[in-house]
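**Student:** Next come the chains, spelled out residue by residue.
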Amino acid sequence: MSERVLTVEAMQVDLPLAAGTLHAVQGVSFHVDRGETLCIVGESGCGKTLTALAVMDLLPSAARRTAARLELNGQDLAGLGERAIADIRGNRMAMIFQEPMTSLNPAYTIGNQLEEALLRHRPVSRKQARERALYLLDRVGIPSAAGRLKQYPHQLSGGLRQRVMIAMALMCGPSLILADEPTTALDVTIQAQILHLLAELQREFAMGLVLITHDLGIVARIATRVAVMYAGQVVEMGTAQAIFSAPSHPYTRGLLDCIPVPGKTRRGEKLGTIPGMVPSLIGLMHGCRFAGRCPYVVEACRQSEVPLAPGQAPDHLVRCIRHAELGGLAAHAARAVAS
Amino acid sequence: MVETGLVRAGIPTAAEILAPSPAAVLRRRALRHWGLLIGGTILAIIIVMALLAPIISPFDPYDQQLGRKLIPPIWHASAKATWVHPLGTDHLGRDYLTRLLYGAQISLLIGVSAMLISGVIGTTIGVLAGYFGGRVDMVVNFIVTTRLSMPVVLVALAVVSIIGSSLTVVIWVLGLLIWDRFAVVMRSATQQVRVREFITAAQAVGCSTPRILLTEVAPNVVNHLIVVATLEMAHAILLEAALSFLGLGVQPPTPSWGLMISEAKGLMFFDPWLITIPGVALFLLVLSINMLGDGLRDVTAPENRN
Amino acid sequence: MSRPASANAAEAAPIVEARAVTRTFRVSAGLLKGKRTLRAVDGVDLSVRPGEVVALVGESGCGKTTLARMLLGLLAPTSGEIRIGGKGSVAQSRRQIATLVQPVFQDPYSSLNPRKSIGSIIALPLRAQRHPEPATWRSRVEDMMERVGLARRLYDNYPSQLSGGQRQRVAIARALINQPRLVICDEPTSALDVSVQSQILNLLEDLRRDMGLTYLLISHNLAVVEHLATRVAVMYLGRIVEEAETDALFRSPRHPYSQALLQSVLTPEPGRGVPDTQLGAAYPDPLAVPSGCRFHPRCVRVMPRCRSQVPQPLALPGAMVECHLYDAQCQARSTA
Numbered sequence: 252m253s254e255r256v257l258t259v260e261a262m263q264v265d266l267p268l269a270a271g272t273l274h275a276v277q278g279v280s281f282h283v284d285r286g287e288t289l290c291i292v293g294e295s296g297c298g299k300t301l302t303a304l305a306v307m308d309l310l311p312s313a314a315r316r317t318a319a320r321l322e323l324n325g326q327d328l329a330g331l332g333e334r335a336i337a338d339i340r341g342n343r344m345a346m347i348f349q350e351p352m353t354s355l356n357p358a359y360t361i362g363n364q365l366e367e368a369l370l371r372h373r374p375v376s377r378k379q380a381r382e383r384a385l386y387l388l389d390r391v392g393i394p395s396a397a398g399r400l401k402q403y404p405h406q407l408s409g410g411l412r413q414r415v416m417i418a419m420a421l422m423c424g425p426s427l428i429l430a431d432e433p434t435t436a437l438d439v440t441i442q443a444q445i446l447h448l449l450a451e452l453q454r455e456f457a458m459g460l461v462l463i464t465h466d467l468g469i470v471a472r473i474a475t476r477v478a479v480m481y482a483g484q485v486v487e488m489g490t491a492q493a494i495f496s497a498p499s500h501p502y503t504r505g506l507l508d509c510i511p512v513p514g515k516t517r518r519g520e521k522l523g524t525i526p527g528m529v530p531s532l533i534g535l536m537h538g539c540r541f542a543g544r545c546p547y548v549v550e551a552c553r554q555s556e557v558p559l560a561p562g563q564a565p566d567h568l569v570r571c572i573r574h575a576e577l578g579g580l581a582a583h584a585a586r587a588v589a590s
Numbered sequence: 035m036v037e038t039g040l041v042r043a044g045i046p047t048a049a050e051i052l053a054p055s056p057a058a059v060l061r062r063r064a065l066r067h068w069g070l071l072i073g074g075t076i077l078a079i080i081i082v083m084a085l086l087a088p089i090i091s092p093f094d095p096y097d098q099q100l101g102r103k104l105i106p107p108i109w110h111a112s113a114k115a116t117w118v119h120p121l122g123t124d125h126l127g128r129d130y131l132t133r134l135l136y137g138a139q140i141s142l143l144i145g146v147s148a149m150l151i152s153g154v155i156g157t158t159i160g161v162l163a164g165y166f167g168g169r170v171d172m173v174v175n176f177i178v179t180t181r182l183s184m185p186v187v188l189v190a191l192a193v194v195s196i197i198g199s200s201l202t203v204v205i206w207v208l209g210l211l212i213w214d215r216f217a218v219v220m221r222s223a224t225q226q227v228r229v230r231e232f233i234t235a236a237q238a239v240g241c242s243t244p245r246i247l248l249t250e251v252a253p254n255v256v257n258h259l260i261v262v263a264t265l266e267m268a269h270a271i272l273l274e275a276a277l278s279f280l281g282l283g284v285q286p287p288t289p290s291w292g293l294m295i296s297e298a299k300g301l302m303f304f305d306p307w308l309i310t311i312p313g314v315a316l317f318l319l320v321l322s323i324n325m326l327g328d329g330l331r332d333v334t335a336p337e338n339r340n
Numbered sequence: 015m016s017r018p019a020s021a022n023a024a025e026a027a028p029i030v031e032a033r034a035v036t037r038t039f040r041v042s043a044g045l046l047k048g049k050r051t052l053r054a055v056d057g058v059d060l061s062v063r064p065g066e067v068v069a070l071v072g073e074s075g076c077g078k079t080t081l082a083r084m085l086l087g088l089l090a091p092t093s094g095e096i097r098i099g100g101k102g103s104v105a106q107s108r109r110q111i112a113t114l115v116q117p118v119f120q121d122p123y124s125s126l127n128p129r130k131s132i133g134s135i136i137a138l139p140l141r142a143q144r145h146p147e148p149a150t151w152r153s154r155v156e157d158m159m160e161r162v163g164l165a166r167r168l169y170d171n172y173p174s175q176l177s178g179g180q181r182q183r184v185a186i187a188r189a190l191i192n193q194p195r196l197v198i199c200d201e202p203t204s205a206l207d208v209s210v211q212s213q214i215l216n217l218l219e220d221l222r223r224d225m226g227l228t229y230l231l232i233s234h235n236l237a238v239v240e241h242l243a244t245r246v247a248v249m250y251l252g253r254i255v256e257e258a259e260t261d262a263l264f265r266s267p268r269h270p271y272s273q274a275l276l277q278s279v280l281t282p283e284p285g286r287g288v289p290d291t292q293l294g295a296a297y298p299d300p301l302a303v304p305s306g307c308r309f310h311p312r313c314v315r316v317m318p319r320c321r322s323q324v325p326q327p328l329a330l331p332g333a334m335v336e337c338h339l340y341d342a343q344c345q346a347r348s349t350a
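As you go down the protein sequences, you meet chains Z, P and F in turn.
Just so we're on the same page, this note's numbering is the position in the first sequence counted from 1, plus 251.
Just so we're on the same page, this note's numbering is the position in the second sequence counted from 1, plus 34.
Just so we're on the same page, this note's numbering is the position in the third sequence counted from 1, plus 14.
FYI, nobody ran anything at the bench for these hints, they're computed from the structure.
Glycine included, C-beta positions come from ideal geometry on N, C-alpha and C.
Heads up, some of the hints might be wrong.
[Said to hold, decoys possible] Stretch by stretch, here's where chain F covers chain Z in the computed footprint (C-beta under 8 Å, at least three residues):
#: 1; segment: 312-322
#: 2; segment: 440-451
#: 3; segment: 507-515
[Stated by the list, open to error] In silico lysine to aspartate or glutamate, EDC-like type, Cα no more than 16 Å apart, as pairs:
#: 4; chain 1: Z; residue 1: Lys515; chain 2: F; residue 2: Glu283
#: 5; chain 1: Z; residue 1: Lys521; chain 2: F; residue 2: Glu283
#: 6; chain 1: Z; residue 1: Lys521; chain 2: F; residue 2: Glu219
#: 7; chain 1: Z; residue 1: Lys515; chain 2: F; residue 2: Asp261
#: 8; chain 1: P; residue 1: Lys114; chain 2: P; residue 2: Asp305
#: 9; chain 1: Z; residue 1: Lys521; chain 2: Z; residue 2: Asp508
Put together the whole structure using the sequences plus the hints.
**Tutor:** See below:
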């Protein structure tokens with residue numbers, strides 16, 4: 252039943268800087284099945300965007316990517332040349348970016364860009380491409396789609412542009428979509444609409460969806476599984492239910508305590524905080540990356556690398572040596588759980 | 035308040051290790067920029083030599099000794115070459131090194147003065163246009179366009195031929211003609227700063243507009259100003275040389291590099307060093323100023339946020 | 015749940031007040047089309063009384079930032095009146111207004127002058143007000159830094175050396191150093207990371223309680239609004255379409271737009287899915303405001319008269335709504 256779309260194993264992204272090598276992504280492993288939504292959640296600088304760009308092979312030229320395994324539908328991507336990966340990109344896997352205005356070319360019409368997305372990869376006529384563009388524009392909920400084909404990106408609102416981006420990503424019927432903060436630049440009402448649409452389309456076309464976001468509300472509502480990233484590593488991974496009902500890593504728990512939830516947090520009540528700052532990812536690091544900010548830190552945390560180990564729930568992985576004994580302390584985190 | 039948790043942890047964290055201050059960043063970048071260092075060094079040498087001209091050279095730049103005219107420089111194979119006149123003498127027997135050194139004074143004086151005059155004019159109208167926008171901007175744009183449609187050399191020629199030529203006239207003519215780049219650059223730099231929220235914040239705390247222009251806008255456009263100033267100084271020096279060469283700039287016997295080239299043009303085929311020496315000096319001065327300007331632009335460019 | 019301050023807030027004189035305020039801009043609508051008038055704020059009444067935290071919510075382009083600029087005295091209304099501290103904003107100097115109202119902006123990278131030291135940024139209001147005794151400025155600034163959770167040793171550092179959260183603390187310190195009565199916070203946390211956001215929200219709440227501040231909070235994050243605000247005004251295309259106490263609004267929003275907004279809040283509750291707001295893909299264009307009720311093209315409960323008749327504001331006890339759904343109540347009230 253579950254068909255694997257994307258497999259990433261021990262992926263590493265290094266950026267050489269003047270001050271030393273920045274280890275932006277440090278041995279990240281995950282997989283996405285058909286019809287599944289994996290949310291990668293974390294704060295700025297945790298490596299979530301570079302993870303997505305590394306999968307798409309769209310990293311900045313200075314960055315170096317290594318991976319033990321990187322497979323799309325069972326086909327190895329890591330060893331492919333630039334031409335071969337360009338044939339796959341936009342075809343079998345597509346990406347949706349945060350700011351649709353920068354990813355649409357202002358000099359061409361919407362119709363032209365949508366059609367090109369298909370003509371580039373499929374031996375179809377322009378007429379057939381136009382038909383598919385029309386169908387998809389209609390499908391993503393753009394009113395009077397035929398008229399929109401002749402419009403330029405600047406004539407559309409932000410929400411409509413993001414719908415066009417989604418339609419463009421779907422042109423070739425990809426098996427995987429990577430969406431990087433697709434709704435961060437949009438208003439709340441539009442955000443809910445776009446996410447609703449994404450979830451619906453993902454079910455309809457049975458695609459794998461990787462959604463990258465910093466917003467835990469979005470994660471809870473849309474994710475099948477969640478990967479929480481901190482300082483270049485996945486610190487906790489599991490089903491959305493497991494992550495939100497019993498967060499095991501102190502960082503995940505800290506994040507959930509930070510956000511006010513209407514109806515749950517009392518007005519004016521103190522919100523949880525995570526003191527301190529993310530450690531520098533330049534140069535060598537050892538021990539738990541979160542040790543400097545963790546309220547439960549012990550000496551052993553700093554001694555050696557902490558592995559991503561199975562947690563309490565099935566399919567649940569945690570990078571914390573104390574997660575088992577801390578489970579009992581987690582009662583206060585239960586406020587985030589749906590009652 | 036927030037950092038207390040870290041102190042307890044007992045290790046230095048990112049919060050405690052501050053990024054280097056802007057001044058330190060500037061210093062580090064400047065010391066790594068070869069163009070800036072080379073340009074700055076050459077320019078410094080030229081300035082020092084120009085200022086110390088009376089000490090370096092025992093001769094008077096105006097002293098004509100027709101008995102020792104056209105002595106070639108010392109690298110010349112001729113037997114006449116002498117260490118008394120390392121760069122030789124010109125057709126009136128004046129020491130060429132001395133004239134070159136005093137000529138540097140003239141070039142630098144004209145460059146700096148014309149740059150200051152044009153800088154004041156251009157910066158004022160550029161900043162006002164950028165800050166206030168709307169009608170002010172329209173008027174300034176019109177003035178700049180008008181100015182850009184006037185050919186500098188021809189206008190300078192016309193003015194000089196009407197009111198006569200002197201050092202002061204050259205400085206004012208150049209200063210009043212080349213402010214356009216100051217205006218254009220300062221206008222766009224101010225426009226960029228204008229929309230930043232710290233300007234609104236300054237308005238909201240009750241700062242007056244002149245105070246905002248001086249304490250909030252100015253420090254953020256001064257790096258652009260320095261770069262344009264160096265480029266315009268080089269520009270003014272070249273224009274002065276061109277005018278003097280055409281006989282409409284500094285008048286003989288004042289030692290000016292353009293004039294020296296002009297005076298030597300009749301002897302170009304017999305004594306080519308008479309042209310080469312001031313030509314190379316002019317080239318080095320303009321090159322060093324431009325390298326310095328480019329370097330300053332690179333060094334003061336804002337760092338990428340990521 | 016309601017604070018002691020808001021109980022008697024209704025009687026106290028408002029710190030700022032907008033009376034039928036309209037602000038228009040002339041914008042060019044495109045090549046050859048000439049200029050058109052954009053009604054950014056269109057007949058708004060709003061008052062903020064001491065001790066309240068009033069939230070202004072709405073989509074981008076709804077006019078909330080324009081209204082905030084007018085309440086700061088930075089922009090004059092085209093018509094209507096802005097009263098700050100009981101006097102008209104146009105009659106007062108920038109400096110007078112600044113002692114009463116101060117802003118905190120969204121982007122702490124843009125709101126601090128990169129060429130000035132932290133100490134000099136926070137002291138700017140003292141300088142602008144020509145505050146007496148310059149000798150005491152440094153200690154006042156340092157005390158304020160401590161109060162907002164900044165180490166005193168950062169006094170001579172520059173904004174580029176600080177994190178986003180620290181910068182926002184600097185912006186808050188600058189706003190508070192002259193002890194204003196009202197702070198207008200324009201999306202104070204939306205540019206910050208989740209873990210920093212909560213620190214700033216806690217700080218704002220602490221300062222409000224300790225210094226007796228009043229906030230006007232502009233935000234699109236309704237979770238933040240619910241956490242801080244005592245009263246909420248919902249803006250749509252230049253008008254306030256609903257105004258109510260926070261609890262009442264979150265419990266039973268009246269206007270269909272408020273209902274859609276609240277539906278869009280994605281609380282971290284797995285398994286509930288993304289709600290369908292049924293708003294349609296139409297987007298409000300402030301240059302082409304729809305006839306009748308300006309929300310009708312997106313409204314799920316649209317009625318025939320919504321397309322032609324402009325709804326009138328209906329004053330309810332402690333609340334206001336502007337929607338034809340409540341016309342019956344309106345008539346009942348006028349006949350009574």
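**Student:** With reference to the structure, classify each hint as holding or not holding.
**Tutor:** Okay, the hints, checked on the actual structure:
1. Only residues whose C-beta sits within less than 8 Å of a C-beta in chain F count toward coverage, and the segment 312-322 of chain Z has 0 of them, not enough to reach three; the restraint is violated.
2. Only residues whose C-beta sits within less than 8 Å of a C-beta in chain F count toward coverage, and the segment 440-451 of chain Z has 8 of them, enough to reach three; the restraint holds.
3. Residues of the segment 507-515 of chain Z with a Cβ under 8 Å from some Cβ of chain F number 9, which satisfies the need for three, so the listed coverage holds.
4. With a C-alpha separation of about 11 Å, the suggested pair Lys515/Z and Glu283/F falls inside the 16 Å cut-off, and the hint holds.
5. Pair hint Lys521/Z plus Glu283/F does not hold up; C-alpha atoms about 21 Å apart against a cutoff of 16 Å.
6. In summary, the hint linking Lys521/Z to Glu219/F is supported, as the alpha carbons are separated by about 8 Å, within the 16 Å threshold.
7. Taking the CA atoms of Lys515/Z and Asp261/F, the gap is about 13 Å. The hint holds against a cut of 16 Å.
8. Taking the CA atoms of Lys114/P and Asp305/P, the gap is about 13 Å. The hint holds against a cut of 16 Å.
9. As the CA atoms of Lys521/Z and Asp508/Z are separated by approximately 10 Å, the hinted pair is consistent with the 16 Å bound.
Figure legend: structure checked against the earlier numbered hints; hints not met, in rising order: 1 and 5.
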